[in-house]
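Q: The listed protein sequences correspond, in order, to chains G and E. Counting from 1, position 156 in the first sequence corresponds to residue 156 in the numbering used here; the numbering is continuous, with no gaps. Counting from 1, position 125 in the second sequence corresponds to residue 125 in the numbering used here; the numbering is continuous, with no gaps.
Just so you know, these hints were derived from the structure itself, not from any lab. These numbers were taken from a predicted model, which means no experiment stands behind them. Built from N, CA and C at the ideal position, the CB exists for glycine as well. Hints should not be assumed to be uniformly reliable.
[What the hints assert, rightly or not] Computed beta-carbon distance windows for the label pairs:
id, chain 1, residue 1, chain 2, residue 2, range
1, G, V15, E, Q253, 42 to 50 Å
2, G, S55, E, G85, 16 to 24 Å
3, G, D211, E, G85, 21 to 29 Å
4, G, V170, E, Q83, 28 to 36 Å
5, G, D42, E, Q83, 28 to 36 Å
6, G, R214, E, N251, 54 to 62 Å
7, E, A97, G, I21, 19 to 27 Å
8, G, G33, E, Q83, 47 to 55 Å
9, G, S89, E, Q83, 25 to 33 Å
10, G, G33, E, N78, 22 to 30 Å
[What the hints assert, rightly or not] Derived list of chain G stretches under chain E, where covered just means 3 residues or more per stretch with a C-beta under 8 Å from a C-beta of chain E:
id, segment
11, 71 to 80
12, 227 to 236
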Amino acid sequence: MMSPALFLLALITLVPFFSIIWMSFNDVSLMGGLAFEFSGLDNWQRVFTDPDIRSSWLISLVYFLATVGLEMVIGTVMALLVYSLTRGSNIIISLLLIPMFIAPVIVGLLGRFMLDPSHGLYAWMLNESGLFDGNILGSVGSAMVAVILMDVWEWTPLVALIVLAGLTSVPEDVLEAAEMDGARYGQKLLYIILPSISNILLVALLIRAMDAIRFFAIIFITTNGGPADSTKIIPIRLYDIAFRFFDLGYAAAVGITMLVFSIMVATAFTKLLKRQEKAS
Amino acid sequence: MTQFKRRDILKGIGGLAGLSLMGAGSLRTALAQGMASDEAWKQASGTTIQFISENTPPTTAIAANLASFQELTGITVNITEMQLGALVQKVALDFGAGRSSFDVIYADPYQVLAPYHRGLVDLNRFINDDQQPVVPKGIEDFIPTQLAAAGRFEDRESLYTLPYDCPTMIWIYRRDLFEKYRDQMRQDLGFDPMPSDSTTWEQYYQIAEWFSNGNASEVKYGTGHQAQQYDSLMCDFSNVLFAYGGDYFANGQQVGLLGTDAPGACQLTSDAALEAARFYQNLLKVAHPGSTSWDWTGVANAFQNGEFAMMPEWHEFAGSLESSDLQGKIGYAPLPKGPARSSNLWGGTGIGINANASAEKQKAAWLFLVWATSPQTQLMGLKSTVGGGTPTRQSVYDMPEVKAASTPPTDMPNMLTADTMLTAWQDDYIGLRPKIAQWNEVDTVIFTELSKMLAGQMSPEETMQSAKQRIDRIVGA
């Protein structure tokens with residue numbers, strides 16, 4: 001019964017997959033119909049020797065660690081705070097979740113508007129408070145911080161929601177017993193709550209990590225990779241190569257390296273999850 | 001805080017407003033009298049064609065008046081509007097698939113015409129066909145530099161598009177402030193600050209610095225620029241580069257006008273180019289600090305918000321600016337001159353026909369091209385309340401009502417720039433970026449390296465050297 005569906009699934013995933021692998025060994029021309037000219041390992045050699053690609057991977061790594069790290073920490077703290085509420089938690093959760101229902105493109109547009117040096121509210125507030133008087137999206141360091149914070153603002157609620165779901169599985173009787181034994185909140189958090197939700201934390205981490213690798217819209221809208229390439233993460237570079245330069249063979253090679261990286265990250269998290277399960 | 005959304009909002013109610021401007025019947029009569037018989041216009045009746053265009057004011061006006069074209073020809077035109085980057089992707093993939101999802105193509109000279117001109121029909125086939133309506137007033141009526149830059153590639157024989165829009169960078173300034181502080185500036189700076197044929201970029205810098213030093217309470221800075229790491233930065237810099245006598249490639253004006261498949265080695269390390277880079281770096285130091293995060297829309301918004309006194313900007317923003325609080329307070333002039341000349345970067349586009357389209361659709365597409373670029377339709381666009389760019393034909397500028405509209409008050413605000421534009425499009429004034437197949441990649445190198453220079457990561461010399469190395473690798477020089 002499943003064969004037709006499986007066949008269809010294979011057709012729409014495997015054919016493009018193998019096509020992209022084949023494209024990465026070719027120069028691809030679009031004029032006069034799609035044409036392939038075998039170029040051997042040229043595209044792959046470029047991937048590993050192109051300083052721009054290396055630079056974009058480095059920026060991506062910084063971006064990846066900053067966004068995922070901040071989202072995990074802030075999301076967990078938010079979830080713990082909401083979980084500790086005795087009243088009004090439903091309203092608070094609803095309000096907290098609003099950012100993640102906004103399309104990333106809109107978040108980018110909002111960010112660009114709020115940070116505009118001539119009329120942006122945040123730019124004005126930072127300037128008036130003396131914290132920052134430069135051009136936020138037009139300066140090298142601050143542009144990166146800004147796009148990281150936009151992503152954190154949008155996706156931290158997702159982490160909070162996942163962790164909140166995990167917190168319901170923390171055994172109440174163990175917490176009560178610890179309380180009767182005089183355990184402080186920090187001790188309960190460290191020895192009971194966090195170990196109990198470690199699996200769910202890993203799931204949240206995996207979801208956000210996968211998203212962060214292919215992050216695109218906010219940077220595309222706000223800085224387009226600038227200034228001075230300081231926010232040109234690898235998906236933005238890939239977009240340029242594929243859809244502005246139409247160097248599709250090279251783009252295929254770069255895309256496959258992104259895929260391999262994603263698989264490596266996913267595999268690492270899955271192994272960690274399995275290890276956790278065995279331990280528990 | 002007003003944003004440039006006027007056209008977007010009005011677009012939705014465009015159809016009715018546009019038709020009320022020029023009734024379908026009167027347009028039909030004008031075209032039929034001026035071009036050919038009704039039969040010629042009806043030859044592709046019943047055909048449906050697809051037109052893909054950047055979401056620009058002329059297309060907004062065209063979309064609002066399609067009913068008149070349909071009545072004239074019996075042809076249905078479906079218009080798909082989008083940002084230029086997305087348009088280029090769709091057109092490239094369409095060519096790659098050997099299809100004609102789009103029959104009429106908004107063919108940007110650099111991103112579509114140069115790399116894909118073989119996918120477009122040579123329009124001489126229709127121009128020389130007695131069975132087709134003639135191009136009203138002939139193709140000679142199009143501004144010559146625009147016809148070559150938008151329509152031709154490599155030679156002066158083939159013609160792939162008809163000039164459709166013509167945004168060009170000019171000097172837009174607060175005339176009210178320049179008049180108010182004219183005497184004081186003349187005294188402080190030692191020259192008349194009012195923009196003129198003799199104003200230089202060095203003087204532009206001094207005027208900018210004068211305003212930025214707090215001499216006028218109305219604005220915070222003297223100048224603003226579209227210096228975001230984006231195509232806009234290349235445009236902004238190119239004006240200075242050409243004015244200083246530099247260029248991207250040897251024989252640059254020819255490479256810009258007709259284009260080439262083999263541009264040769266990049267010329268950005270020439271003395272003139274280095275001097276231009278040094279000047280541009282200094283200019284941006286006295287410019288509004290927001291400049292490095294603004295594209296053309298961003299800098300226009302900031303100008304409208306009273307942040308600075310002048311800017312190099314696309315002339316078609318005049319329509320929006322003249323609808324704002326700044327109405328009547330703005331002046332327009334060709335950009336200052338450098339040691340070589342005044343250069344005003346042209347960013348126009350033509351519309352062409354997909355060679356993969358069927359013969360019937362190509363005929364229908366040709367009728368649409370003739371209609372959409374006709375003087376009558378361009379006049380309609382000028383009057384349109386939903387959009388409309390500026391004409392690409394000399395005869396439209398010669399019309400008495402258009403001439404009258406070049407002085408305020410006017411119901412055709414873009415025409416306030418007419419005198420400036422007719423100067424800016426002359427051979428000696430127009431600035432043309434290289435029309436080469438690899439332009440997108442070259443463009444990216446230019447604005448990325450310039451962005452590094454403006455961020456203080458590289459000196460002008462290092463910037464030009466690095467850009468040259470990269471560009472030479474791209475073009476195979």
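Q: Confirm or reject each hint.
A: Hint by hint, here is what the structure shows:
{"no.": "1", "hint": "G:V15 to E:Q253: 42 to 50 Å", "verdict": "48 Å, holds"}
{"no.": "2", "hint": "G:S55 to E:G85: 16 to 24 Å", "verdict": "23 Å, holds"}
{"no.": "3", "hint": "G:D211 to E:G85: 21 to 29 Å", "verdict": "24 Å, holds"}
{"no.": "4", "hint": "G:V170 to E:Q83: 28 to 36 Å", "verdict": "49 Å, violated"}
{"no.": "5", "hint": "G:D42 to E:Q83: 28 to 36 Å", "verdict": "32 Å, holds"}
{"no.": "6", "hint": "G:R214 to E:N251: 54 to 62 Å", "verdict": "44 Å, violated"}
{"no.": "7", "hint": "E:A97 to G:I21: 19 to 27 Å", "verdict": "21 Å, holds"}
{"no.": "8", "hint": "G:G33 to E:Q83: 47 to 55 Å", "verdict": "26 Å, violated"}
{"no.": "9", "hint": "G:S89 to E:Q83: 25 to 33 Å", "verdict": "43 Å, violated"}
{"no.": "10", "hint": "G:G33 to E:N78: 22 to 30 Å", "verdict": "25 Å, holds"}
{"no.": "11", "hint": "71 to 80", "verdict": "violated (count 0)"}
{"no.": "12", "hint": "227 to 236", "verdict": "holds (count 4)"}
The earlier numbered hints that this structure contradicts are 4, 6, 8, 9, 11.
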